[in-house]
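Protein chains: 4
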Amino acid sequence: MDHPGDLSELAALIAAGRVRAGDIRAVIGKTEGNGGLNDFTRGYFTQSLMLLLASQMGETPAELAARIPCVLSGGTEGALSPHYMVFSVSDDPAPGQRGLALGTAFSPVTPARDIGRAAQIRAVVAAVQAAVAGAGIARVEDVALVQVKAPAPPVPDPAARSTDAKVLMTLSRAAAAVGVGVALGDIPADKATEAALLSDFSLFSSRVSISSGIEVTCNEVVVFGRASGWAEGITAGVAPMTDLLDLAGVQAAFAAAPGEVLGVIAKGEPDRSGAIRGHRHTMLGDTDLDAQRHLRGALGAIVAAVAGDGRVFVSGGAEHQGPPGGGLVCVFARRRDTA
Amino acid sequence: MDHPGDLSELAALIAAGRVRAGDIRAVIGKTEGNGGLNDFTRGYFTQSLMLLLASQMGETPAELAARIPCVLSGGTEGALSPHYMVFSVSDDPAPGQRGLALGTAFSPVTPARDIGRAAQIRAVVAAVQAAVAGAGIARVEDVALVQVKAPAPPVPDPAARSTDAKVLMTLSRAAAAVGVGVALGDIPADKATEAALLSDFSLFSSRVSISSGIEVTCNEVVVFGRASGWAEGITAGVAPMTDLLDLAGVQAAFAAAPGEVLGVIAKGEPDRSGAIRGHRHTMLGDTDLDAQRHLRGALGAIVAAVAGDGRVFVSGGAEHQGPPGGGLVCVFARRRDTA
Amino acid sequence: MDHPGDLSELAALIAAGRVRAGDIRAVIGKTEGNGGLNDFTRGYFTQSLMLLLASQMGETPAELAARIPCVLSGGTEGALSPHYMVFSVSDDPAPGQRGLALGTAFSPVTPARDIGRAAQIRAVVAAVQAAVAGAGIARVEDVALVQVKAPAPPVPDPAARSTDAKVLMTLSRAAAAVGVGVALGDIPADKATEAALLSDFSLFSSRVSISSGIEVTCNEVVVFGRASGWAEGITAGVAPMTDLLDLAGVQAAFAAAPGEVLGVIAKGEPDRSGAIRGHRHTMLGDTDLDAQRHLRGALGAIVAAVAGDGRVFVSGGAEHQGPPGGGLVCVFARRRDTA
Amino acid sequence: MDHPGDLSELAALIAAGRVRAGDIRAVIGKTEGNGGLNDFTRGYFTQSLMLLLASQMGETPAELAARIPCVLSGGTEGALSPHYMVFSVSDDPAPGQRGLALGTAFSPVTPARDIGRAAQIRAVVAAVQAAVAGAGIARVEDVALVQVKAPAPPVPDPAARSTDAKVLMTLSRAAAAVGVGVALGDIPADKATEAALLSDFSLFSSRVSISSGIEVTCNEVVVFGRASGWAEGITAGVAPMTDLLDLAGVQAAFAAAPGEVLGVIAKGEPDRSGAIRGHRHTMLGDTDLDAQRHLRGALGAIVAAVAGDGRVFVSGGAEHQGPPGGGLVCVFARRRDTA
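Chains as they are written, first to last, in this note's numbering: chain A, 1 to 339; chain B, 1 to 339; chain C, 1 to 339; chain D, 1 to 339.
Read the hints as simulated data drawn from the structure, not as lab findings.
Cβ atoms here follow ideal geometry from the backbone N, Cα and C, with glycine treated the same way.
One or more hints might be untrue.
[Said to hold, decoys possible] Coverage of chain C stretches by chain A, computed from C-beta distances (three or more under 8 Å per stretch; other residues unrestricted):
1) 3-11
2) 24-38
3) 41-53
[Claimed, not checked] Sample of chain B residues facing chain D (criterion: CB under 10 Å; computed from the structure):
4) D2
5) H3
6) T31
7) N38
8) G43
9) I214
10) T217
11) C218
12) L289
13) A291
[As the list claims (entries may be wrong)] Far from chain A by the CB rule (all over 12 Å, computed), these chain B residues:
14) K30
15) E63
16) A130
17) A159
18) P258
19) R280
20) R311
Build out the structure end to end from the sequences listed, making use of the hints.
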């Protein structure tokens with residue numbers, strides 16, 4: 001993609017019959033904005049995508065945006081390359097097979113006053129459960145990863161938990177992550193309180209990745225896992241990273257999904273202690289360069305170096321996503337013998 | 001170090017008798033500025049270092065600054081940690097041994113009008129030759145790495161090759177790199193013209209690392225190599241990186257210097273083609289985040305992940321230093337059996 | 001506007017019948033991106049605007065974009081407020097009147113190889129002449145201001161005058177400015193050479209304002225001036241600024257357009273000498289903050305303080321637009337007695 | 001000054017006998033860093049200043065730094081120019097005169113746990129009272145301005161009020177401002193609680209300017225006012241700004257100090273409502289450009305445009321300093337007839 005509004009490659013695939021617009025269930029991608037509150041590359045891409053799909057189908061852009069999760073993370077620092085992954089599902093029966101399943105769900109619209117509060121946690125729990133059920137995933141143990149795009153309010157709201165929009169954006173990620181953790185059984189429901197958000201970092205799931213932004217108004221959920229009736233051949237390998245330098249963690253995720261790499265999702269965060277393995281880092285105190293931009297550039301390069309490809313979905317802000325100061329990597333791959 | 005003026009750890013080592021101030025021959029380090037023209041953390045560190053050494057020795061800060069190279073690179077993006085390496089040399093004889101040698105030299109003061117011109121190239125050639133000779137390195141093939149701090153003018157000079165100070169800073173790195181390449185035999189002397197700078201990128205050496213900044217007024221040269229009469233035990237392993245994602249290149253440098261890692265130097269650059277392995281990167285067109293900050297964050301993380309330590313000297317701006325779009329890594333290590 | 005894709009206020013005006021979509025001839029506005037090469041807020045706004053207008057008229061977004069100039073400048077630093085000015089023209093006859101006229105024109109598509117070259121200058125001259133004629137402005141002396149959106153290539157082109165996309169963006173402004181200057185008689189045609197661009201700053205017009213960006217592919221021209229047959233009541237006051245601190249120049253432009261201020265356009269640039277009135281400024285050497293962001297924040301605040309309103313179109317990069325180191329201000333106002 | 005360590009102009013004035021080192025009581029200046037937590041230009045300047053003064057007097061740099069306030073604010077965005085004001089006091093008697101008086105005081109060292117707490121407020125109250133008394137200012141009504149440099153901790157401290165160092169830097173300004181307000185009688189002592197900091201913005205003084213930074217460890221106070229026994233001729237004019245666009249407020253401060261302008265101090269802040277005079281600004285939500293850099297660029301330009309000179313001390317972060325969303329301006333001038 002040449003810019004955040006450039007969907008020409010997907011348009012060409014559709015025109016060539018290689019992708020059927022009606023099969024598309026979710027899009028996850030990286031655009032080249034700053035990844036923060038004032039990153040409008042996400043909204044630009046979403047608008048452009050829905051216009052393209054609407055031109056192919058009998059639905060309006062608004063209708064499509066309300067049923068196809070479009071999870072974008074801004075920021076392609078360093079070695080990263082702007083790209084998007086299109087997840088399509090066909091109706092072809094796969095009898096007797098058990099493979100990578102995909103389910104999606106949207107929570108109701110989340111008003112500013114609910115962001116970072118118990119109401120958002122509950123809404124995400126319900127949405128994840130709906131997506132798991134929709135995918136036909138029998139047990140939460142079979143979920144590989146849940147990706148959520150959580151809302152941030154575009155304008156201040158006095159009823160919101162914080163008057164600082166950047167803080168709300170962070171709280172939204174935290175609430176969504178904890179909600180997923182509860183739904184997956186990785187976080188005890190009774191500990192998933194509003195007070196625990198951004199406070200009790202012992203609560204986390206290593207199977208959840210959240211982005212937030214003003215371009216969505218509810219929690220858009222995409223669940224990946226294994227289920228019966230889905231075609232074999234594509235696998236998802238997930239591994240936690242204990243800290244930012246955990247090269248072995250990254251390699252473990254790739255080892256868990258052998259074959260042709262189709263896509264990679266990674267989350268991480270600047271260690272809140274201000275140090276990594278005992279040595280001071282400068283990500284959190286830099287007035288000129290946002291901590292998440294620091295983080296994505298570093299984590300993205302490590303993952304891209306292992307992948308040998310800069311098209312990696314790397315998102316900062318891993319609150320309650322993977323161990324504190326660490327994160328997680330999820331690799332989608334197609335087994336070579338199935339190609 | 002807590003900040004760029006914090007030399008307390010070196011002061012403590014000197015106070016404890018573990019480092020003799022008079023043995024110090026060069027300092028190479030990373031400070032947490034932006035690494036660009038207006039990065040004053042380098043000058044602050046240098047002033048603080050020379051004040052400390054002056055308090056221990058019978059020389060003024062200015063005298064010390066004129067004979068001890070202090071090569072600083074600003075920018076500790078992402079996983080990097082501010083740190084400095086102190087290179088000391090003792091007079092203890094090492095008869096019959098052949099080990100890592102160190103030589104230093106200063107070119108005459110380089111006026112703004114000479115920066116990025118043939119005069120600077122010639123001055124660097126001469127300084128490298130003096131440093132090689134001073135170290136007792138018999139053949140240029142035995143040089144592992146030449147590190148140079150090259151000057152940038154603090155104020156505009158109409159006689160300079162460019163009116164853009166940022167361009168002069170880049171030209172200074174290029175001229176110094178080409179000068180080193182000629183001195184080492186890696187670049188043919190007849191091709192090392194002013195016109196070739198930043199133009200003919202087929203001219204490069206994979207044994208040279210240059211930083212530039214306004215805090216120095218001449219070319220300060222540090223040469224590392226193998227020579228007789230130097231103690232065994234410490235080795236320098238150097239390997240080129242073919243591109244930013246060349247994880248194998250990084251690992252090769254570490255493999256070439258087995259043992260306890262004492263320090264790491266790496267250089268790299270954003271690929272000028274705008275793409276890495278065929279996929280667009282966004283380092284060169286970002287109005288908000290300088291390309292070199294992008295680069296250091298990415299390269300630094302990859303090298304730090306292999307090292308398992310954020311204390312890595314990573315410098316962007318690898319013009320004529322390593323292959324185009326790539327760079328190089330140099331690892332200093334102490335053999336474990338010699339500890 | 002709440003974000004760069006928010007056209008709800010114009011939509012409401014159209015719905016209320018206060019603006020007729022078919023009357024709109026040009027839109028000039030500020031979006032809140034960084035104003036540089038990777039500012040996609042301009043493209044996002046343009047796409048959103050054309051979608052809105054297309055929904056109201058019998059034309060596609062592409063057709064509308066090809067005939068309605070949409071001149072956006074990114075960057076609302078400091079006191080500035082994101083906003084857009086919609087210029088509408090009605091067919092109501094104004095016999096015997098002489099008032100503010102508006103004309104528009106598009107050059108042919110400008111390929112990357114023509115940017116910053118004589119071909120672009122010539123194309124702009126022709127487009128300005130067409131717009132002046134279309135507006136019915138009898139003499140170029142009656143032109144108050146020419147606003148141009150000039151193209152920048154989204155991807156590198158080896159045939160371009162520079163391999164640096166940021167330099168091309170600057171060259172495009174320079175060529176368009178010189179083209180306007182020639183068309184208005186402010187710059188001698190024989191001096192308007194490719195070599196003079198960004199070199200001979202004695203060539204300038206104080207009646208031209210250029211923005212450039214990758215969201216347009218040709219030179220989109222809007223001309224304002226006085227002509228017969230246009231309704232009286234709205235005036236445009238224009239004054240040059242001799243330097244960035246020329247408060248009197250700003251006040252002169254407001255004095256020249258008494259009444260209710262409808263919109264303000266200002267251009268300026270960081271003084272290339274590195275100093276303003278003898279004192280060093282730091283806009284040009286800042287690695288973390290782009291010089292144009294510095295400039296817009298400063299110039300915008302001065303103009304906004306005089307206007308008492310942050311909705312000011314301020315654009316940096318005033319090459320050949322106003323005197324070197326200075327710029328110009330244009331105020332649109334409605335005479336109070338005509339309200 | 002060519003860079004933050006450049007004291008050559010003061011050195012020349014001392015060498016020429018135009019300034020006596022022993023007469024210097026305070027230095028207030030702007031350096032060209034980012035003005036935030038990781039701005040080390042302030043520490044670099046302070047170190048360089050104290051080295052210069054120590055070379056002229058029989059005291060060490062540390063002794064001088066403990067008695068001469070050196071109040072630096074980083075950030076010379078836009079039209080601003082790096083500079084420093086040297087405040088000297090002579091012992092010449094001025095019998096029967098009443099003029100601008102200067103007093104200084106240092107609080108005890110403020111540990112990280114006291115920052116932004118009642119202990120810091122009390123310490124500042126006491127220091128201001130000491131400085132007022134030392135200057136011989138009879139009544140607090142006669143105080144024109146109190147300038148404070150307040151501490152920020154260079155490393156995290158679990159006992160501190162916030163784990164976020166940037167928040168501590170803000171809290172330190174707030175506590176110091178409220179402390180000054182209490183000492184001057186502008187803020188009721190019983191309302192000056194820890195809880196009121198950054199919360200009750202109805203508490204403010206329009207005669208106080210605070211900067212904070214890691215380069216100081218206590219609250220350094222400089223008081224300006226009118227007192228008997230001080231020479232006539234120099235005046236300080238102070239006026240509040242009701243909002244960022246309050247051009248009349250700026251002009252009022254200049255009108256209150258007619259004559260040759262010797263120096264200007266201004267404070268301001270981004271309006272927390274997100275709007276100025278009803279129109280949205282984008283300072284607070286910008287991920288790439290710190291809100292204080294936005295603010296300084298805008299406010300600095302307005303004040304510099306009125307002054308006709310970029311050498312203006314402008315500092316952001318005006319919590320409890322001037323009215324909310326506004327700020328204040330203080331002009332030092334020498335009456336022309338007294339030159």
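Results for each hint:
With 3 residues carrying a beta carbon less than 8 Å from a beta carbon of chain A, the segment 3-11 of chain C meets the three-residue requirement, and the given coverage holds. Figure legend: the segment 24-38 of chain C, annotated as covered by chain A; annotation consistent (3 residues with Cβ-Cβ distances under 8 Å, at least 3 required). For the segment 41-53 of chain C, the stated coverage by chain A is satisfied: 6 residues place a CB nearer than 8 Å to a CB of that chain, which reaches the threshold of 3. Taking 10 Å as the C-beta cut-off, the interface hint given for B/D2 holds, the closest approach to chain D being about 5 Å.
Checking B/H3 against chain D by beta carbon gives a least distance of about 6 Å; that is within 10 Å, so the hint holds. Annotation: interface hint on B/T31 holds; nearest CB of chain D at approximately 8 Å, less than 10 Å. A hinted interface residue such as B/N38 counts as satisfied when its beta carbon comes closer than 10 Å to some beta carbon of chain D; here the least separation is about 6 Å, so the hint holds. For B/G43, the interface hint holds, since its Cβ comes within 10 Å of a Cβ in chain D; the closest pair sits about 6 Å apart.
The interface hint given for B/I214 holds, since its Cβ lies 7 Å from the closest Cβ of chain D, which is under the 10 Å cut-off. Given the 10 Å rule on beta carbons, the hint for B/T217 is violated: about 13 Å separates it from the nearest Cβ of chain D. Given hint, B/C218 at the interface with chain D, is violated; its Cβ is 17 Å from that chain's nearest Cβ, farther than 10 Å. Residue-level restraint check for B/L289 holds (minimum Cβ-Cβ distance to chain D is 7 Å; threshold 10 Å).
Among the interface hints, the one on B/A291 is violated; its C-beta lies about 15 Å from the nearest C-beta in chain D, farther than the 10 Å criterion. Not every CB of chain A lies more than 12 Å from the CB of B/K30, the least distance being 10 Å, so the non-interface label is violated. With a least CB separation of 32 Å from chain A, B/E63 remains clear of the 12 Å interface cut-off, as annotated. Distance to chain A confirms B/A130 as a non-interface residue, since its nearest Cβ pair spans about 35 Å, more than 12 Å.
Against the 12 Å criterion, B/A159 stays outside the reach of chain A, whose nearest CB is about 32 Å from its own CB. No beta-carbon of chain A is positioned within 12 Å of the beta-carbon of B/P258; the least distance is around 18 Å. Annotated as non-interface, B/R280 brings its C-beta within 12 Å of a C-beta of chain A; the closest such distance is 6 Å. Not every beta carbon of chain A lies more than 12 Å from that of B/R311, the smallest distance being close to 6 Å; the non-interface claim is violated.
In this structure, the earlier hints numbered 10, 11, 13, 14, 19 and 20 are contradicted, and the remaining ones agree with it.
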